[in-house]
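Peer 1: Just so you know, we're using the working numbering here: the sequence shown kicks off at 1 and counts up by one.
Please keep in mind that the hints were generated in silico from the structure rather than gathered at the bench.
As the structure is a computational prediction, the values presented were derived from the model and not from experiment.
Mixed in with the good hints there might be a few duds.
As the list claims (entries may be wrong) - Beta-carbon label-pair distances, calculated as ranges: (1) Asp44 x Ala138: 18 to 28 Å; (2) Ala51 x Asp102: 17 to 27 Å; (3) His52 x Asp1: 33 to 43 Å; (4) Ser88 x Ala138: 34 to 44 Å; (5) Gln116 x Ser88: 36 to 46 Å; (6) Tyr137 x Gly94: 36 to 46 Å; (7) Glu143 x Ala77: 34 to 44 Å; (8) Asp140 x Gln116: 17 to 27 Å; (9) Glu93 x Gly2: 30 to 40 Å.
Stated by the list, open to error - No farther apart than 25 Å at their CA atoms in a straight line, the calculated lysine to any residue pairs in the SDA-like style are these: (10) Lys50 x Phe120; (11) Lys50 x Ser88; (12) Lys50 x Asp1; (13) Lys50 x Thr25; (14) Lys50 x Ala132; (15) Lys50 x Glu93.
C-beta: ideal position from N, C-alpha, C; glycine also.
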Amino acid sequence: DGLPAVAVRDLEAAVRAADIVSCATLSTTPLVQGAWLAPGIHLDLVGAFKAHMRETDDAAMRRADLIVVDDRRAALAEGGDLVYALRSGAISEGAIAAQLRDLARAAHPGRTRDDQVTVFKSVGFALEDLAAAEAVYAFDRAEA
Numbered sequence: 001d002g003l004p005a006v007a008v009r010d011l012e013a014a015v016r017a018a019d020i021v022s023c024a025t026l027s028t029t030p031l032v033q034g035a036w037l038a039p040g041i042h043l044d045l046v047g048a049f050k051a052h053m054r055e056t057d058d059a060a061m062r063r064a065d066l067i068v069v070d071d072r073r074a075a076l077a078e079g080g081d082l083v084y085a086l087r088s089g090a091i092s093e094g095a096i097a098a099q100l101r102d103l104a105r106a107a108h109p110g111r112t113r114d115d116q117v118t119v120f121k122s123v124g125f126a127l128e129d130l131a132a133a134e135a136v137y138a139f140d141r142a143e144a
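Taking the hints into account, I'd like the entire structure generated from these sequences.
Peer 2: Pasting the structure below:
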């Protein structure tokens with residue numbers, strides 16, 4: 001049932017071997033380095049929800065072929081990973097390809113090649129919380 005979660009001692013080795021890396025931290029220094037990212041990896045960055053926080057270095061954001069955010073305005077103001085990369089010139093605002101709703105509505109194709117490095121940066125959006133709560137509620141009702 002479900003997927004196993006395993007603690008690791010070597011973050012670099014774990015990232016290099018992963019297809020998906022999910023970060024949900026309060027870090028103020030980069031944890032995931034762009035040099036570690038293999039073709040086809042997906043980074044799910046849901047921590048670092050303030051401008052002074054970050055989970056990746058600028059190289060990771062620069063390596064991204066596709067950056068999707070939950071809400072563009074909020075991500076540009078509060079998404080530390082993006083704020084730092086924009087300030088340093090590693091990426092431009094144009095690097096943000098879509099918002100989550102664009103993918104949900106099929107207004108953006110998302111990943112178009114298996115080797116693309118993709119990033120989802122979330123700073124927290126009430127609609128996401130509502131959708132998650134509805135999904136959990138529906139699952140619970142179906143199990144009852």
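Peer 1: Give a verdict on every hint.
Peer 2: Quick rundown of the hints versus the structure:
no., hint, result
1, Asp44 x Ala138: 18 to 28 Å, "holds (22 Å)"
2, Ala51 x Asp102: 17 to 27 Å, "holds (23 Å)"
3, His52 x Asp1: 33 to 43 Å, "holds (39 Å)"
4, Ser88 x Ala138: 34 to 44 Å, "holds (43 Å)"
5, Gln116 x Ser88: 36 to 46 Å, "violated (23 Å)"
6, Tyr137 x Gly94: 36 to 46 Å, "holds (38 Å)"
7, Glu143 x Ala77: 34 to 44 Å, "holds (39 Å)"
8, Asp140 x Gln116: 17 to 27 Å, "violated (35 Å)"
9, Glu93 x Gly2: 30 to 40 Å, "holds (38 Å)"
10, Lys50 x Phe120, "holds (16 Å)"
11, Lys50 x Ser88, "holds (17 Å)"
12, Lys50 x Asp1, "violated (34 Å)"
13, Lys50 x Thr25, "holds (11 Å)"
14, Lys50 x Ala132, "holds (22 Å)"
15, Lys50 x Glu93, "holds (17 Å)"
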